[in-house]
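*Asks:* If you want the building blocks of each chain, they are given just below.
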Amino acid sequence: MRFLVRRLGFLLVALWAALTVNFFIPRLMPGNPAEAILAQFHGRLNPAALKAIEVALGIGGHQNLLTAYLRNTLTGNFGISFSQGNDTVSSVISKALPWSIGLVGISTILGFLLGTGLGAIAAWRRGGVLDNVLPPTFIIVSAFPYFWVGLLSIWFFSLTLNWFPTLGGYTATANTAFTWGFAGDVLSHAVLPAFTIVITSVGGWILTMRNNMITVVAEDYVKMARAKGLRPRRILWQYAGRNALLPNLTGFAMSLGFVISGAILVEYVFNYPGVGFLLLQAVNNEDYPLMQALFFLITVAVLVAIFISDIATALLDPRTRNNR
Amino acid sequence: MKRPHLLRLLAAAGRFLRRDKKAMAGSIILFVLLVITAFPSWFTPDDPAAEIYSPGMALSWAHPLGTTSFGQDVFSQLMAGTRQSVMIALVVGFLCTILSVAVGVTAAYSGGLVDDALSLVTDVILVIPTFPLIIVIAAYTKSASFWTIVFVLVVTGWSYGARQLRVQALSLRNRDYLLAARARGEASWYIISVELIPPMTSLIVANFLGAALYAVLAAAGLQFVGLGNVNTESWGTMLYWAQNNEALQAGLPLWALAPGIMIAVLGSALALLNYAFDEVSNPALRPVTTKRRKKAAA
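As you go down the protein sequences, you meet chains H and X in turn.
For the first sequence, my numbering assigns the number 55 to the initial residue and increments by one for each residue that follows.
For the second sequence, my numbering assigns the number 26 to the initial residue and increments by one for each residue that follows.
Everything labelled a hint here was simulated from the structure, so no lab data went into it.
Quantities reported herein were computed from a predicted structural model and do not represent experimental measurements.
Incorrect hints may have been included.
[Claimed, not checked] Short derived list, chain X residues pointing at chain H, Cβ under 8 Å:
hint: 1; residue: 143
hint: 2; residue: 148
hint: 3; residue: 161
hint: 4; residue: 170
hint: 5; residue: 172
hint: 6; residue: 278
hint: 7; residue: 282
hint: 8; residue: 285
hint: 9; residue: 287
hint: 10; residue: 292
hint: 11; residue: 300
[Claimed, not checked] Chain H regions said to be covered by chain X (calculated; three or more residues, Cβ under 8 Å):
hint: 12; segment: 159–167
hint: 13; segment: 243–253
hint: 14; segment: 279–292
hint: 15; segment: 317–328
hint: 16; segment: 332–338
hint: 17; segment: 348–360
The beta carbon of each residue, even a glycine, is placed where N, CA and C say it ideally should be.
With these hints in hand, go ahead and build the complete structure from the sequences.
*Replies:* Right under this line is the structure:
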């Protein structure tokens with residue numbers, strides 16, 4: 055219980071830090087970009103929309119600026135996104151969100167499962183082909199920029215081999231009502247970006263799982279299991295693998311931020327209509343309310359994911375509950 | 026007194042490189058890139074910025090990697106761009122390491138409330154997704170200069186190392202030789218800099234390499250989306266122009282792919298060295314050779 059309270063407290067502190075950063079960045083920047091932006095929109099937006107932007111950017115003579123900002127953020131009132139046809143920020147984001155959750159969510163989980171499995175097998179057959187080939191290969195792959203792997207796969211699979219479409223989340227002319235044809239269209243657009251994320255994120259899982267596994271396999275209880283004559287496959291997955299997975303679960307939470315960061319550029323390369331692409335569009339169009347809301351949302355998503363995996367680790371591994 | 030120590034260090038480094046193929050490969054690549062960084066003009070046959078050739082040429086002897094849609098020589102641009110990426114890697118790696126050591130070691134050595142406060146700050150910065158934050162800061166500063174990029178990457182990049190170093194310093198803190206130093210009445214700064222930090226060298230080096238790799242990738246990504254200064258010469262900026270002119274669709278794949286290969290080469294060199302240092306501090310991870318296996322079986 056104390057562990058839960060501690061983690062919850064940490065979640066709140068991190069959230070508070072993210073909110074503070076989000077609130078102060080536009081005010082602290084040299085040349086006060088916030089006021090310059092606001093000047094651009096005078097006369098183009100109605101006063102209520104202007105006021106929401108002022109609060110979001112933290113300028114103007116409002117009293118209790120911080121409380122107004124906090125109230126707007128917590129109630130999801132992020133103002134108007136002027137680069138997306140003056141739609142509200144919340145509705146613009148809610149259109150992009152399913153695309154990101156589908157693409158990034160599925161490919162992150164796929165990369166995690168694949169990498170953990172391969173890493174465990176590599177460590178199990180120490181000195182075997184997998185153990186000798188995988189680590190050096192993925193040390194090098196982990197140094198590739200995510201977006202560049204995306205460019206490479208566009209060039210090879212899309213432009214040279216013509217197997218998959220180059221850009222977008224679906225064919226622009228397609229009817230977006232749900233049909234099997236449309237589902238297939240969406241899927242074929244998702245293959246290359248998903249492939250890019252999996253290829254670049256799988257190496258980290260392989261290396262950490264292999265390294266954990268090497269330590270665990272040397273433990274006495276694994277020797278004991280061997281001495282009892284249990285089947286190797288059973289020892290691998292049910293004895294050694296389970297325990298080697300625990301630190302990786304924490305690692306999963308920690309690197310989630312990296313995966314999401316990489317996914318922003320992957321979405322950009324493929325013009326994939328998700329949150330990351332939206333963020334960069336907002337940056338290019340100087341759509342600061344949208345930008346701030348997206349940064350806040352991505353941060354919250356990562357923090358909540360970390361919290362959940364902390365709880366999962368504590369449930370699965372009693373030792374961590376007493377630590378710090 | 027100082028000389029023999031340095032020589033011994035160099036000899037040890039030489040032995041390490043001869044034994045470890047990963048470290049050897051990493052150092053050779055890094056050395057070549059450092060030479061290009063120091064003397065870019067030796068490697069650029071043409072003015073990298075000059076738009077004087079026919080645009081979109083294929084490979085030829087005069088232009089080993091062809092030309093861009095603006096009529097610039099791709100190979101010269103590639104060589105000239107080396108400097109900025111290598112400098113960002115070195116400067117950010119160096120500053121991050123200093124900050125990580127300062128925060129991590131101070132936290133572990135002081136303990137108590139100081140440790141709690143510093144650890145909290147470290148963990149918070151660790152979990153806030155850095156790249157979106159970098160994008161937001163860069164967006165407000167408008168076309169980030171070299172030092173803006175360095176600043177942003179250092180602020181967001183030191184926490185991982187600080188956390189690792191704190192854990193190792195904690196495990197060293199109560200060793201007998203440190204207690205002895207304290208009992209002798211040595212000053213804190215002496216204990217920290219002479220007794221506590223030297224045994225952590227391999228982890229500190231690994232942290233430098235990790236931070237440098239992070240800096241190379243993040244800076245390239247930032248420049249690729251146009252948030253750096255697009256008029257400077259760097260691999261990320263090349264990628265930005267290539268993407269904006271649809272180099273892939275225009276049949277100039279080398280323009281877009283070559284800078285990425287260079288980033289990957291620099292990144293791989295750092296990652297290979299990093300992994301080699303990991304194996305030094307944790308011998309269990311070293312590759313199992315046939316010779317060692319035979320010995321173990323016998």
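*Asks:* Tell me, in ascending order, the numbers of any earlier hints that this structure violates.
*Replies:* 1, 4, 5, 9, 12, 13 and 14
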